[in-house]
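A.B. asks: Here the protein sequences line up with chains A and B, keeping their order.
All residue numbers for the first sequence refer to my numbering, where the first residue is 96 and numbers rise by one.
All residue numbers for the second sequence refer to my numbering, where the first residue is 323 and numbers rise by one.
In case anyone wonders, no lab produced these hints; they're calculated from the structure.
No experiment lies behind these values; they were computed from the predicted model shown.
Don't be surprised by glycine CBs; every beta carbon is placed ideally from N, CA and C.
The following label-pair restraints were derived from C-beta to C-beta distances: (1) B:Ala446 to A:Arg386: 41 to 49 Å; (2) B:Arg511 to A:Asn305: 52 to 60 Å; (3) B:Asn491 to A:Asp130: 38 to 46 Å; (4) A:Ala126 to B:Thr448: 50 to 58 Å; (5) A:Thr303 to B:Gln509: 48 to 56 Å; (6) A:Pro143 to B:Ala446: 24 to 32 Å; (7) A:Ala324 to B:Arg512: 56 to 64 Å; (8) B:Glu398 to A:Thr303: 28 to 36 Å; (9) A:Ser106 to B:Thr464: 45 to 53 Å.
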Amino acid sequence: MGKLAIFVDRSTIARYDELEALLRFREAAEARGHDAHFLFRSEAHKIPRYDALFIRALTDPMNATYVAARVAEMHGKPVIDDSHSIAVCCDKVFMYRCLMRRSIPIPRSVFLDAAEVTAQRAEGLFAELGPELVLKAPNTSFSSHVEKVSGFEDFQRIGRRFLHRADRLVVQEFIHSTFDWRVGVLAGEPLYACQYLIPNDTFKIQATVNGHLTMAQVEAVPLRDTPPAVIHTAVAAANAIGQGLYGVDLKQTNGHVIVIEVNDNPTINVDEEDRFAPDVYERIVCYLLERDPVSVPEPRRIDDAVLIPAGSL
Amino acid sequence: MSDPAPEPPLAPLVAASGNYEYLSEDYYRCQDMELSGLGLPRPTCAEALDAYIVPVALEKARMAGLAVPEWFLSNEYFHPPAVVDSINPFSRRFAVVRSEDERAKAAQQLTWNFKFAMCVQKIATTTEVIEIRVVGGRSEQTEFADWASLVHIVFAVPIATVRLLRTDNQIQFSAISILPHRTLSAQERRWADSLAGRGRG
Numbered sequence: 096m097g098k099l100a101i102f103v104d105r106s107t108i109a110r111y112d113e114l115e116a117l118l119r120f121r122e123a124a125e126a127r128g129h130d131a132h133f134l135f136r137s138e139a140h141k142i143p144r145y146d147a148l149f150i151r152a153l154t155d156p157m158n159a160t161y162v163a164a165r166v167a168e169m170h171g172k173p174v175i176d177d178s179h180s181i182a183v184c185c186d187k188v189f190m191y192r193c194l195m196r197r198s199i200p201i202p203r204s205v206f207l208d209a210a211e212v213t214a215q216r217a218e219g220l221f222a223e224l225g226p227e228l229v230l231k232a233p234n235t236s237f238s239s240h241v242e243k244v245s246g247f248e249d250f251q252r253i254g255r256r257f258l259h260r261a262d263r264l265v266v267q268e269f270i271h272s273t274f275d276w277r278v279g280v281l282a283g284e285p286l287y288a289c290q291y292l293i294p295n296d297t298f299k300i301q302a303t304v305n306g307h308l309t310m311a312q313v314e315a316v317p318l319r320d321t322p323p324a325v326i327h328t329a330v331a332a333a334n335a336i337g338q339g340l341y342g343v344d345l346k347q348t349n350g351h352v353i354v355i356e357v358n359d360n361p362t363i364n365v366d367e368e369d370r371f372a373p374d375v376y377e378r379i380v381c382y383l384l385e386r387d388p389v390s391v392p393e394p395r396r397i398d399d400a401v402l403i404p405a406g407s408l
Numbered sequence: 323m324s325d326p327a328p329e330p331p332l333a334p335l336v337a338a339s340g341n342y343e344y345l346s347e348d349y350y351r352c353q354d355m356e357l358s359g360l361g362l363p364r365p366t367c368a369e370a371l372d373a374y375i376v377p378v379a380l381e382k383a384r385m386a387g388l389a390v391p392e393w394f395l396s397n398e399y400f401h402p403p404a405v406v407d408s409i410n411p412f413s414r415r416f417a418v419v420r421s422e423d424e425r426a427k428a429a430q431q432l433t434w435n436f437k438f439a440m441c442v443q444k445i446a447t448t449t450e451v452i453e454i455r456v457v458g459g460r461s462e463q464t465e466f467a468d469w470a471s472l473v474h475i476v477f478a479v480p481i482a483t484v485r486l487l488r489t490d491n492q493i494q495f496s497a498i499s500i501l502p503h504r505t506l507s508a509q510e511r512r513w514a515d516s517l518a519g520r521g522r523g
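Using the sequences provided together with the hints, build the complete structure.
C.D. replies: Okay, structure coming up:
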């Protein structure tokens, strides 16, 4: 019997479908003889008392979720989301580079720094990647800092705005689709699949249009009815990041499957992601509480160092 | 014909800027090196995050055997006196809060009106907050030479400002932050430069 801490915040429990899913995680743990308790960020110091940690709050290396993940890891506790997955998935530059390193198909992508957000560079990118480009701030979530541009002025204006949040930004070719696949993957195994139907008045799964929040409709799809290429590519993409829990977004275009992004801390709502995967709760509980304990690497010391001079950075 | 012997791993790299803040150009420089396969930078991105995120640094230091104050995360309330750091994606600030009069304003500012968390370190009324400059495990503030070496070993950040808390004769680790290379003294620059030669060969 184990003790599971579910790390939540106010926003996690504000909506019925998220709260109901949290209760199902607790029920799944209890059904297998475990205890599950909800912890808020002011209770992070209690994490070492538990056997595993499941983070259900907006992750970011700069907020309390990363603290929770690292505290759990330093005490040898299994954790979803682990700190590496948070650091990679919350930084789209890092995330896409991990995918590129494993040759996972993604939209053609370029990473720019401030000096490169110029009309001249824009001209080259429009010629290379197409008449519409997608700009992404590295630390966007829920598509909040993702914009489509088709002119030099917008390219520079939005690019400079995004560079207030980070010193690099992502520029990608635009790929049209009416929906994105979302495949949930846990430890290299597919968990569930759905389609996020993109609203007509935007190209994103979530956007503010004329002051109103518009969100993708979620259509769950049984894994057996999901194209094998979608599942195979999603699992490969997740494996390029780590062995935790991920929500992989993909598009099918011209017979190809392309990964749009890999998310840590994927949304799991009742009657949506779990509709054809009612075992999602139990599988996550088992992953956290019924595996061998993880090991924590020792602190390393600097030896054998080569200097990168400050002026060369 | 047998496979050629594998190449020996290249020496790890140290970025000498002294600023490895999350999503900064030099953080990305470390990321570039990590992903290049040419050797691990020092710090790695993970090491930089461990060092600069105050509660993570406190726990890492404590587990490595360094003295640290009692700490906790809070949304709003804490008992002064305390050293309080923001845990906020958009702001990195800290305050030394000595009295109840200062508490509410500090909490509101550091949490951005209670939206984000803050890390509270309990201190005594007599606690002195000290910052030392550490380059390659050495400090010109010779009184703290041992601390400079220990913090360097635990965190692997080659150039850093280290915050310590001194209460009577006891010293505790409190935080690590940037130390821009351009602010280094001549001696500190020599130490930084010497990091280059140490690992070759």
